[in-house]
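Residue numbers (the numbering used here), protein chains in the order written: chain A, 30 to 178; chain B, 470 to 1123.
Source of the hints: derived by calculation from the structure; they are not laboratory data. These figures come from a predicted structure and were not determined experimentally. Any given hint might turn out to be false.
Stated by the list, open to error - Pair by pair, the computed Cβ-Cβ distance ranges are:
1) A:Glu102 <-> B:Asp1026: 43 to 51 Å
2) B:Gly873 <-> A:Phe106: 43 to 51 Å
3) B:Asp567 <-> A:Gln173: 24 to 32 Å
4) B:Val711 <-> A:Glu90: 42 to 50 Å
5) A:Glu102 <-> B:Asn907: 20 to 28 Å
6) B:Ala1042 <-> A:Ala108: 24 to 32 Å
7) A:Glu102 <-> B:Ala1042: 31 to 39 Å
8) B:Trp1034 <-> A:Ala108: 34 to 42 Å
Claimed, not checked - Okay, derived cross-link-like pairs now, DSSO-like style, lysine-lysine, Cα gap no bigger than 30 Å in a straight line:
9) B:Lys1051 <-> A:Lys145
10) A:Lys158 <-> B:Lys1051
11) A:Lys141 <-> B:Lys692
Unchecked claim - A partial selection of chain B residues facing chain A, derived with a Cβ cut-off under 8 Å:
12) Ser560
13) Ser562
14) Gln563
15) Pro565
16) Ser1056
17) Cys1057
18) Gly1064
19) Gly1065
20) Val1067
21) Pro1070
22) Gln1091
23) Tyr1093
24) Leu1098
25) Pro1100
26) Arg1101
Yeah, the Cβ is synthetic: ideal placement off N, Cα and C, and Gly gets one too.
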Amino acid sequence: MRLIVFLFVLSLISCHELHKSGTALQKDKDSLTAAIADSLIHNDPWLRYTYPERQGKQLFEQYCVICHGQNGEGDGFNAYNLNPKPHSLSDSTYMRALSIETLTESISFGGKGVNKSVLMPAYQNTLSKTQISNVVLYIETFTQIKAGL
Amino acid sequence: MTKLRRVYLITAIVFLGVLAISPFKDYFSEWRAVQKKYNRYIEKLPQKVKPALLVLKQIWVPKLNRIDRCITCHTGIDDGKLANAPLPFRSHSQIPHDIATFGCTVCHNGQGLATNFSDAHLPSAFWDKPVLPTRYVESSCGRCHINENLKLTPALNRGRQEISELNCIACHDLNGGYKKSFIPSLNGIGNKVINRNWLTHWLKNPREIRPLTKMPNFKLSNKEVQILSDFLMSFKSFSNGVKLDSLPEIYVKNKNADDFIALGKTRFSESRCISCHAVEGKGGHLAPDLAKIASKATEVWIFNCINKVHLLQPGVEMPQFGFSIKETAAITSYIESEFVDRDAPADTVGVSQPPPNFFEQGVALFNQYNCGGCHDLSSEKVALNRGPDLTAIGSKKTYQIDFGTSNIPHTLYDYIDAKIRSPRAFGQSVRMPEYQLNEADNQAITAVLLSWQNEPLPREFVRTAPHPAKFDPQGKVGQIIQKYSCLKCHTINQTGGTIAPDLSIVGSQLQGKWVKSYFKVPYSLRPIMEERMPNLFIANDEIETLTDYFFKVLISDSLSIENGWDNSAEAIARGQGLFREKYGCQSCHIVGGNGGYVGPPLDKTGDRLRPGWIYHWLLNPQKYKPETLEPRAGLSEAEAKDLTVYLMSLKSEK
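Input sequences plus hints: build the corresponding full structure.
Structural data, given as structure tokens:
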């Protein structure tokens, strides 16, 4: 009987010790996992974007980057030829004022569809409704990520 | 007796207890908790969403022999209002397939019948196909869409491209009709490479000498490198008995003369060698970097290579430029004076005597690493020694995989990914070389390999891309097209490269006079393009033959227009108004000194294009070039006519 009590106490102590070192270890591990996950999410388009956003990204890079720039900052290769220049799409104050409907309209009907510069062409005959909505979803991520960081 | 009764009583109670656990277990099952959580979640939403009924749900696809219970927990899978809900309630993104007819596991893998998270998703000893990570999910598209390069499968398309470029077919049996791409023959290498020292450094690590080379690193030991170098340097004669012409007298006399070198430099830049060959990383990447070529190849080889490249390297994609002997010699002298590796490693070996049995040892190594899979070498002893068949790699079972000394998770996709990344991590006996691919390429190739499975799919599900008809012009035109490697960059009737414009209907697009002048002095029409048309120094009679062919054969009757268009000054003014005010074409095109740099400048359109082409292009650009940036503006026919008339009025001289 004495032996059983002794073993019980011993196991309690050892478990306590183990638990203690375990939490410290777990903390280290968690921060490491978080760091890896963070770097992965920011570098890997498969984790960073949802499927429609990835489709939108692909379209944005094909059609829009040339003027709007890789990160939507209005600094594309062709931006300096335009007057007025494209507005930054990663400017969260500017973007907050634009509803999803407005963004969809400006892509579908071009700048003149929303009383802006005629230099932005209309894509309603080039892209399908789903494609346009995917591009809008991708454009929205410029400000979401800025806000998240 | 009472004892027996007591036993009976206890057994009865235990039995009842066991029976009672079963409904409890069902009541507290994982999926029920998930559905309850779902019902709590949708209550908070502003829109009304149908609640879950707390029952098991499944999709049965008899044709694919699948029963998928995924929708039991993935409750909102077909409800568009839940596009931003957390997993597992989020609705599926919009895809061209109907979930009810395809089910889930045919694309995503996982165990369809399982009703708890870990059995359904995670790898286990009893289930070989855990849920595919999103980065590989396109592999499932490739199971049915065989060789179809769809817009929605960019990773798959990229992987197929890489597999073709890296010449995987040289060692492995593959699906998808890959053909071996051009790899230089090693015949005559002993007369090409300047010394054995260069070869040893190259074999040790090709990327160190040329960072963008496709040749992988075979991780050879120093001894192996020495033996292979001795072996290769012993091959002095070229394919088909071609002999090197000795250097002409004009070269020997003038090779250090400044004006001779200057002539070579002029021709080198006029013919835009850097369209394909980079020099110290600047320029095209279709052909080897020339920055250190004079420290690699002998001058007599360089001269012969420019002079008769198709004879020296059968199958090479380099065009045969129309230089005279003097010009070729001058270019050689320019290359010899400029493209030298100033910090080339010293020749530490010098003229060394190869060991007596170097040939046997060399050919053994050559065969061991299957060098002959890529490189042609004329020797009876060269034998193919291919790697494993990959045509059903996607169906490999986990127990069949030798994970060797690596410590990766035991799944097929992790295995393929790791194997491509660092093959030698699976043990030293692996022969596969290291390709040092970037993350995206590695994932893309893995996705393609995963798509090659041997489980049969019902025929109505499978879509195979048709084999395009091969365009193979004969006679004089065929010879010219081959001589100048036109189809390396241009496509004609679905055959050829995608670097330069499609020429299938060029005769209906361009004006004859302009084409002839363009052959003489080609210039880049589109400033954003990297690679540019080289000046091939085509002979006049060849230009006549080609243009004749363009305007008689490469035409499309659908691009003709009726006569009698209104080309009055008013129509031109209307067209200009549409161009500037309504459609803002100047964002991308330059006219009269202002405009954007995306499309070609349109200042001399009236000298270059045919009105029928402009008109039909404006109505629907994507019809002729699906990947074009120009949006379909939705012009009316009258507007398109006015714009065409305006553009045709833009000429250099009126």
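Status of the hints after comparison with the structure:
1. A:Glu102 <-> B:Asp1026: 43 to 51 Å: 47 Å, holds
2. B:Gly873 <-> A:Phe106: 43 to 51 Å: 48 Å, holds
3. B:Asp567 <-> A:Gln173: 24 to 32 Å: 31 Å, holds
4. B:Val711 <-> A:Glu90: 42 to 50 Å: Holds - the Cβ-Cβ distance for Val711 (chain B) and Glu90 (chain A), about 46 Å, lies within 42 to 50 Å.
5. A:Glu102 <-> B:Asn907: 20 to 28 Å: 25 Å, holds
6. B:Ala1042 <-> A:Ala108: 24 to 32 Å: About 30 Å separates the Cβ atoms of Ala1042 (chain B) and Ala108 (chain A), which means 24 to 32 Å holds.
7. A:Glu102 <-> B:Ala1042: 31 to 39 Å: With Cβ atoms ~38 Å apart, the hint holds.
8. B:Trp1034 <-> A:Ala108: 34 to 42 Å: 36 Å, holds
9. B:Lys1051 <-> A:Lys145: 12 Å, holds
10. A:Lys158 <-> B:Lys1051: 23 Å, holds
11. A:Lys141 <-> B:Lys692: 71 Å, violated
12. Ser560: Check failed: Cβ of Ser560 (chain B) comes no nearer than 11 Å to chain A, outside 8 Å.
13. Ser562: 4 Å, holds
14. Gln563: 6 Å, holds
15. Pro565: Hint on Pro565 (chain B): violated, closest Cβ of chain A at ~10 Å, above 8 Å.
16. Ser1056: 4 Å, holds
17. Cys1057: 7 Å, holds
18. Gly1064: 6 Å, holds
19. Gly1065: At about 4 Å, which falls below the 8 Å cut-off, the nearest Cβ of chain A leaves the hint on Gly1065 (chain B) intact, so it holds.
20. Val1067: 5 Å, holds
21. Pro1070: For Pro1070 (chain B), the interface hint is violated, since the closest Cβ of chain A sits about 12 Å away, which is over 8 Å.
22. Gln1091: 7 Å, holds
23. Tyr1093: Result: violated, 13 Å to nearest chain A Cβ.
24. Leu1098: At 6 Å from the nearest chain A Cβ, Leu1098 (chain B) passes the 8 Å test, so the hint holds.
25. Pro1100: Nearest chain A Cβ about 4 Å off; hint holds.
26. Arg1101: For Arg1101 (chain B), the interface hint holds, since the closest Cβ of chain A sits about 4 Å away, which is under 8 Å.
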